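These protein sequence lines map, in sequence, to chains A and B.
First residue of the first sequence: 1155, per my numbering; consecutive thereafter.
First residue of the second sequence: 1155, per my numbering; consecutive thereafter.
One should not assume that every hint holds.
No distinction is drawn between identical chains; accordingly, a pair holds when it is met within one copy or between any pair of copies.
Keeping only pairs whose Cα atoms sit at most 35 angstroms apart, straight-line, the calculated DSBU-like set for lysine-lysine is [unchecked claim]:
| hint | residue 1 | residue 2 |
| --- | --- | --- |
| 1 | K1284 | K1273 |
| 2 | K1538 | K1273 |
| 3 | K1485 | K1273 |
| 4 | K1538 | K1235 |
For the record, the hints were derived by calculation from the structure and aren't laboratory data.
All of these numbers come straight from a predicted model, not from anything done at the bench.
Number of protein chains: 2
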Amino acid sequence: VVILGAGFGGLAAARALRHARVEVLVIDRHNYHLFQPLLYQVATAGLAPNDIAQPIRSILGRQDNAAVMLAKVTGVDVARKQVLLDDRRVAYDDLVIATGARHAYFGHDDWEAHAHGLKRIDDATFLRRKILLAFERAEAATDPASRRRWLNFVVVGGGPTGVEMAGAIMELARRALAADFRAIDPREARVTLVQSAPRILPSFAPGLSRAAHRRLEVMGVDIRLSSRVTGCDALGVSIDAARIESGTIVWAAGVMASPAGQWLGAETDAVGRVRVRPDLSVPGAANVFVIGDTALTQDRRGRALPGLAPVAKQQGLFVARLLARRARNPKARGRFAYRGVGLWATIGRRSAVIQAGPVRLSGPIAWGLWSLAHIYLLIGFRNKVAVAASWAWNYVTFQRGARLITGDDSNPAPRDAM
Amino acid sequence: VVILGAGFGGLAAARALRHARVEVLVIDRHNYHLFQPLLYQVATAGLAPNDIAQPIRSILGRQDNAAVMLAKVTGVDVARKQVLLDDRRVAYDDLVIATGARHAYFGHDDWEAHAHGLKRIDDATFLRRKILLAFERAEAATDPASRRRWLNFVVVGGGPTGVEMAGAIMELARRALAADFRAIDPREARVTLVQSAPRILPSFAPGLSRAAHRRLEVMGVDIRLSSRVTGCDALGVSIDAARIESGTIVWAAGVMASPAGQWLGAETDAVGRVRVRPDLSVPGAANVFVIGDTALTQDRRGRALPGLAPVAKQQGLFVARLLARRARNPKARGRFAYRGVGLWATIGRRSAVIQAGPVRLSGPIAWGLWSLAHIYLLIGFRNKVAVAASWAWNYVTFQRGARLITGDDSNPAPRDAM
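Modelling step: build the complete structure from the supplied sequences, incorporating the hints.
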């Protein structure tokens, strides 16, 4: 069994196969598994990259039937049952594609130079650099217009990532940086959240959307609903008729699935997700499975499942169990059904919204539950302790532990699927 | 007072001026103060970058007479008393230049592409990437020759940095990575330490050199004394007549002072250090001081002081006190004298050599003292706790907490002085 991608889906599949009588090979472009839900805290200097990443080799180090390969996938040869890598081919019997998604600009790829997305560690350290440099440039600015522009931050996209980034930037400015500058008052920073839908967090219940909206407004975030970005450049964002001068634009609006559909020649939807059969295999290739953000799957009412970690995990688990059953009985079949575990998003340092079944929670208690759940879900004891300690430290002192400007001005390596 | 560089010297000067009736401006290319003595642990995945770096603004945040500017210095106009930055000029009354040193290749700048030095955070994350990728490439290699080459590491330079890097790479291979690979046994890794002098750690007493030498050999490091590197390329190192095939070369051999001598038009020695007067001012410019690795200063016997943190700190303190005295009495004079606080170097996870006055220590007790001293010297309570916790964790589990391959293959931004 070859698994492409060591995100939530791929890793769940690999681990669930540990007692199966198969050989597992996990191929990923990176040497680490990334806990993406906390990536926004790396981008806003709250956590360090290694707090939320764990080497794949050490996760699978004790699993005797698993090997790991660091390589970039360039295609799949379904007829010969081979995965194409940069410099070689790897044969498979069964293939699980869990290569995730990247951010996308609805056909405006030229916006990428100005509006950066958040999918990988390198994106997060790049955004951290941009956000911290914006304050430095405001401090050094000699005219009021450019100073204001450097203190304006625009977050495009009102889903969980956009809401979390907007809240985190606001707190960075109001709390962590407040005492450290002389010429500017970082509390003058403005954060604008641009959302195309009529409410933020549209996947949540309307009451929770409203709670999150109110909380962000109390923190000082300027929310523009039903607004569509029509242009991004080095000096700001155009929103329908309006214009916001800004030196720092965060893109949290759109994603595009990894190019697995092209590799397989399979049918995809508009954002590149592969249409799979009820057992998550690809039509015409019963031994190839697509899971996670790369797959288009539906719940019982026919709605597409969202690109969330629990969906990917459950799909990975499902495929692993199906493969383990097939190792004994080649005719085994199955049908994936998602058991919803809820939705959540944090708003700043002390508030969150949670929706799980009939439960609706917002405020500090939701934030406490969210914190505990994320520490529990992190892989690796060391990371659990490090994140808990960082949060406790941030909570008490308002300081951020990872305020480093590293790297150079160039964009990180081109967006790529895995 | 304008201070260029927020290393040990510049920061010591800035803090010592907190009660003086002067305005202090600290200019640095980076937004953080870096604790360079532990940089080798970042390069070998033991510590995370933010554990040993602290934002300059938060260090000086409560010092009312100090401001911080993030900028790159391009020159000094001594006649007009101005510092030249990329896009502006800053006027000074007194100037303290503490811009440190960078690694140098004795005129062989083409070696830089293959033999990377260790002076900045970006150097350390680049080396970490290179070292971890070497194991990945050995695992993926299909012919035995290239596998061996990827498992060969060469460290050039037998001073403290070289000794510490060699020991740390060896332990990374033998301990932290041992269980994680399938095709290779990381314990087959070979580390060669190339030293041009007849013994390693030549600034230490001969007995301690021998102790360090023995300890490294027990760990498995191959030491080549009185050997000079005659060539570096992508496939290995040439040493006099011999040749070592290697995919990873660490450069810890030579440093070159920052170009302050050129900025000032002042006399320098062969490695660019500015010859200063006994009060550390520049001949011909009594209000310009040069300290730390950029200055050529001597002890009582006329030997050049080494490029160590305590030297830079004491010089920063000396200049700050002189300037504070001058603020009251313009004719105040002084003469810098270094009080030696000792030399130390660690060899792997549990051994060190320490030389302080008549005291000579080697082995685990020296290592314990070294650890305590470095935690004490780190700036920032959070960093002290984080480093202590990481060391305790490494010590007990042999695991490294920061085994991430980030960034892309390009070298970090060109070497630069500040």
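Classify it for me, K1538 with K1235: is the Cα-Cα distance of at most 35 angstroms met within a copy, between copies, both or neither?
-> neither (39 angstroms within a copy, 52 angstroms between copies)
Are the CA atoms of K1538 and K1273 at most 35 angstroms apart within a copy, between copies, both, or neither?
-> both (21 angstroms within a copy, 31 angstroms between copies)
When no copy is specified for K1284 and K1273, does a C-alpha distance of 35 angstroms or less occur within a copy, between copies, both, or neither?
-> Both. Shortest intra-copy (16 angstroms) and inter-copy (23 angstroms) distances satisfy the 35 angstroms Cα cut-off.
Check K1485 against K1273 for me: Cα-Cα at most 35 angstroms, and say if that holds within a copy, between copies, both or neither.
-> neither (38 angstroms within a copy, 60 angstroms between copies)
The structure does not agree with the numbered hints 3 and 4 stated previously, though it agrees with the rest.
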